[in-house]
Structures are given as C-alpha cells and as structure tokens.
Amino acid sequence: MEESQTVTVYYDQSCPSCVEDRVTFERLAGKRASLFIWFDITDQDAVLRKLGIEPIKALRELHVKDADGRIFSSIDAYAVMMKQIPLLMPLGFFVSLPLVKPMLGYFYRKSVDKRLGCKVP
8 MEESQTVTVY YDQSCPSCVE DRVTFERLAG KRASLFIWFD ITDQDAVLRK LGIEPIKALR
68 ELHVKDADGR IFSSIDAYAV MMKQIPLLMP LGFFVSLPLV KPMLGYFYRK SVDKRLGCKV
128 P
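Residues 8 to 128 in this note's numbering are what the sequence shown spells out, letter by letter.
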C-alpha cells in the first residue's frame, strides 16, 4: 500500500475509549488525518457482512480497509494505520514483527474483553 492512500477505519463510536483513540490518532496524524475515513460500525451489521467482517468480530477488533480494498484486523489494522503517519511509521513496523505481533494481540484481546465486560461472546 502506498503511503498516500486512504484507509477506512471501522470503529465503535459508542465506545468512549475507541473515540479517545480516534482523537489521539488524528492529533498524531496532523495533516495526514485526512487520509482516514472513520466509519461507525454501530447498527451497520449488513454493511460489515458485505465486507466480510462479522459484526461481533468488529466489536472485538479494529478493522481497516486499505485503498486496494483489503481488510486488516487487530494488530495488522493498527500497523496499516501507523504506517501512514511518519511519526508512527517505526512503531507500525515494530508491531508487525513476528515475535511482537502475537504478544501485542494477546494483550489487545484482553483489553477489549475487559472493556466489553462479557457483553460479547
């Protein structure tokens, strides 16, 4: 994916920490924030399924779609986003490393499980 292509971010706008993460990311992105299209997944089950994203999974993991139409989830989604922002680019490559990604994925899932508090199976 080229650096200047847009990324659609599927996120839960009804989640306060997700909204905070969006605000933080946009601040870090600066002028490049316009590369990101933020799509609220609330009540969008049909749209998500059409993209091949299960709505339950969309609540549990961040999903993004790159300009080529490829869907990425969890840590891979964060890496795609970070690689668009010069300040975050090194971190985007770091979180993609084979030993780092599974460990971060584990802690990410634990954090989401805590946030959801058993609302989602």
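Be aware that a few hints might be false.
What the hints assert, rightly or not - Here are the simulated DMTMM-like cross-link-like pairs (lysine to aspartate or glutamate), alpha carbons at most 20 Å apart as the crow flies: (1) K72 x E61; (2) K64 x D47; (3) K72 x D52; (4) K90 x E33; (5) K57 x D19; (6) K64 x D19; (7) K117 x D28; (8) K57 x D75; (9) K38 x D28; (10) K108 x D50; (11) K72 x D50; (12) K64 x D120; (13) K57 x E33; (14) K90 x D28; (15) K72 x D120; (16) K38 x E27; (17) K117 x E27.
Hint data in this document are derived by calculation from the structure and do not stem from the laboratory.
Practice task
Assess, step by step, whether the Cα of K72 is no farther than 20 Å from the Cα of E61, and give holds or violated.
Solution key: holds (14 Å)
Handout entry: Restraint check for K72 with D50, where alpha carbons must lie at most 20 Å apart
Key = holds (19 Å)
Handout entry: Holds or violated: K90 to D28, with C-alpha atoms at most 20 Å apart
Key = holds (16 Å)
Exercise for the section: Sort out whether D120 lies within 20 Å of K64, counting only the CA atoms. Expected result: Given pair K64, D120 holds - Cα atoms ~12 Å apart, limit 20 Å.
Problem - Restraint check for K117 with D28, where alpha carbons must lie at most 20 Å apart - result: The hint holds at about 17 Å.
Practice task
Would you check the hint for K38 and E27, treating anything up to 20 Å between C-alpha atoms as holding?
Solution key: Judged against 20 Å, a Cα distance of about 18 Å means the pair holds.
Practice task
Mind checking the alpha carbons of K72 and D120 for me, to see if they're no more than 20 Å apart?
Solution key: violated (23 Å)
Handout entry: Given hint D47 paired with K64 - CA-CA distance at most 20 Å
Key = It holds: about 14 Å lies between the C-alpha atoms, which stays within 20 Å.
Problem - 20 Å limit on alpha-carbon distance, applied to hinted pair K57 and D19 - result: OK: K57 and D19 at ~18 Å, within 20 Å.
Practice task
Given the hint that K57 pairs with D75, test it: the Cα-Cα distance must not exceed 20 Å.
Solution key: holds (16 Å)
Exercise for the section: Would you mind confirming whether the straight-line C-alpha gap from K57 to E33 stays at or under 20 Å? Expected result: Since the Cα atoms of K57 and E33 sit roughly 27 Å apart, the hinted pair is violated (cutoff 20 Å).
Practice task
Please work out if K64 and D19 have their alpha carbons no farther apart than 20 Å.
Solution key: Satisfied, since the Cα-Cα distance of roughly 11 Å is no more than 20 Å.
Hints 10, 13, 15 from the earlier list are contradicted by this structure; the remaining hints agree with it.
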